[in-house]
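The listed protein sequences correspond, in order, to chains A and B. Residue 93 in this note's numbering is what sits at position 93 of the first sequence, and the numbering runs on without skipping anything. Whatever position you read off the second sequence (first residue = 1), add 115 for this note's numbering.
Hint data in this document are derived by calculation from the structure and do not stem from the laboratory. Glycine residues also receive a C-beta, built at the ideal position from the N, C-alpha and C atoms. Warning: the hint list may mix true and false statements.
Taking CB as the label site, the calculated pair distances span [stated by the list, open to error]:
hint, chain 1, residue 1, chain 2, residue 2, range
1, A, P40, B, T187, 48 to 56 Å
2, B, S124, A, L68, 27 to 35 Å
3, A, K55, B, G177, 38 to 46 Å
4, B, M198, A, T82, 28 to 36 Å
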Amino acid sequence: GAVVSQHPSRVICKSGTSVKIECRSLDFQATTMFWYRQFPKQSLMLMATSNEGSKATYEQGVEKDKFLINHASLTLSTLTVTSAHPEDSSFYICSAMRTGGNEQFFGPGTRLTVL
Amino acid sequence: AQSVTQLGSHVSVSEGALVLLRCNYSSSVPPYLFWYVQYPNQGLQLLLKYTSAATLVKGINGFEAEFKKSETSFHLTKPSAHMSDAAEYFCAVSELPRSSASKIIFGSGTRLSIRP
């Protein structure tokens, strides 16, 4: 149990386009999901906390209009990178916390490359 | 504020040797502490966690870690390294959750290499 999936696993897009990444909890309900980004050979940096049915909470320095988060159901959160630029290229990882629980379960990550 | 410091960005040991990855934390409240492993181009897998119960925590793949409050440390060990242990390891801290939205703060990571 406690499996989290991400789709797509890898995406390449042109500069100026928008990309949507999905994070799904496959066998549990997740009131809270988290989005992280990881640059090569670096640690995970929390971008935002996504709560089902409400607005996401963004970390300092993360542009909410740039990284749109939607958490419309208890099993799905989406991250949309709008008007992507090469500096947005990164590994994006989501995690999901079981409703009533306290452990985060991580997805396999999405590699975004912006040309 | 909470933080985690991992000493050594890269550790190399011989197959069969002891693995020791160091982690020190800073927290104003009793912490939850974690060790995660990440294989190339993959997400994170939880190795073990400390949640204020036993100070010696046993995890998967033969790893264990000991919580030492006096030293603010949570070092990860494995008695005998295996080639499959080569990966990136992250130490992390979060507050004892008062709500479901407790954040996890990650250390900078330690890359473990295993020499044949």
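Range first: 27 to 35 Å. Now tell me if the beta carbons of S124(B) and L68(A) are that far apart.
holds (34 Å)
Is the hinted range of 28 to 36 Å satisfied by the C-beta distance from M198(B) to T82(A)?
violated (43 Å)
Go ahead and decide if the range 38 to 46 Å is satisfied by the Cβ distance of K55(A) to G177(B).
Check passed, 43 Å falls within 38 to 46 Å.
With respect to the beta-carbon atoms only, verify the hint that P40(A) and T187(B) lie 48 to 56 Å apart.
Because 30 Å falls outside the window, the suggested range is violated.
Consistency note: the structure conflicts with the earlier hints numbered 1 and 4.
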